[in-house]
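Enquirer: Kindly generate the complete structure, drawing on both the sequences and the hints.
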Amino acid sequence: MNLSDDKRIVMTLDAGGTNFRFSAIRGGKPVTQTVAMPSNGDDLPRCLANIVEGFTRVKQQCPAPPVAISFAFPAPADYPNGIIGDLYNLPGFRGGVALGPMLEEKFGIPAFINNDGDLFVYGEAIAGFLPHVNSLLEKAGSPKRFKNLFGVTLGTGFGGGIVRDGELFIGDNSMGGEVWLLRNRINPNINAEEGASIRAVRRVYAEVAGVAFEQAPEPKVIFEIGIGKATGNQAAAREAFRRLGVVVGDAMGNALTLIDGL
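Using my numbering, the letters of the sequence shown map in sequence onto residues 1388 to 1649.
Hint data in this document are derived by calculation from the structure and do not stem from the laboratory. A hint or two may mislead.
What the hints assert, rightly or not - With a straight-line Cα cutoff of 30 angstroms, these simulated DSSO-like cross-link-like pairs (lysine-lysine) come out:
#, residue 1, residue 2
1, LYS1493, LYS1446
2, LYS1446, LYS1394
3, LYS1526, LYS1616
4, LYS1416, LYS1607
5, LYS1607, LYS1534
6, LYS1534, LYS1394
Claimed, not checked - Across the chosen pairs, the derived CB separations fall in these ranges:
#, residue 1, residue 2, range
7, ILE1614, THR1405, 29 to 35 angstroms
8, ARG1433, GLY1615, 26 to 32 angstroms
9, ASN1574, PRO1488, 38 to 44 angstroms
Ideal Cβ positions, reconstructed from N, Cα and C, are used throughout, including at glycine.
Expert: Below is the structure:
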C-alpha cells in the first residue's frame, strides 16, 4: 500500500525533555492541530498524566477514530513491550515504567514505541529514500532493487537504525543500530557520539578558537561562521565540521559493511 493512500489515523508524540507535542497523522500528513504539554519529566505521575491528557485532546480532534499510537521515546527501554527504563532527560522514569501497556489500556488501541533513530530510518525505508531510489532504478530500466537501509540522526546525540527487507532490526535487547557506541576514529578512547553531536561541534570550535565551551555558539551558527555568513573564528568552525565528518563517515562506513545496503 502507498502510504499516502492509507486512511488509518495514528496518534503520535514528539517527546522532548521540556515539552511533549502531540498530533495525529493519516497518509503521512497531519490531521489535527498540535497539542503541547509540559513534560514534567522529574515527576512521573504528572508526566504520565500529561501524556494521557495530550493524547486525549488529540483524539478529540481526529476526524475518525485512531487505530494506533506510535511515537519515539528515549532509551534505555524494552521497546517491544513498551517498558521505559531509567532516563537521563526524564529522571522520573526509574525502575521500568509500563508506558506502552498503560496507553493501550487507556485508549483501547495498540501503542508502538521505539527510539527516534530507528523510526527515522523505518520511515525512510517505507515511504522515503529507499522507495525513491528504487523508483529511479525502475525508470532507468534497471532490474536492481534495494531492500536494506541504514541511516543515522545527528543532534543532541548520534543515533541510527537498520531496516532489513521492510522490517526494522531491533536486536535482542532493543539496541540494534546503536551507532553512537562505535569507535571514534579521531579519539579511539571515546565513543563516536562524542565526536558526532551538538556538544562535539561546540567543543571543537571552543578548543580551536581558544574560548570556553559555554561561549561556543550552536552548530547552526558555527556553520554560518564557517561559510562566512556570520562573524567568528572561521578556521575553528571549519575544523569543527571537518572532525564531525571524519567521525560520522568512519562510523557509517563501518556500519555499512555489515548491512550491504543503502
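Enquirer: Flag every earlier hint the structure violates by its number, smallest first.
Expert: 3, 5, 8
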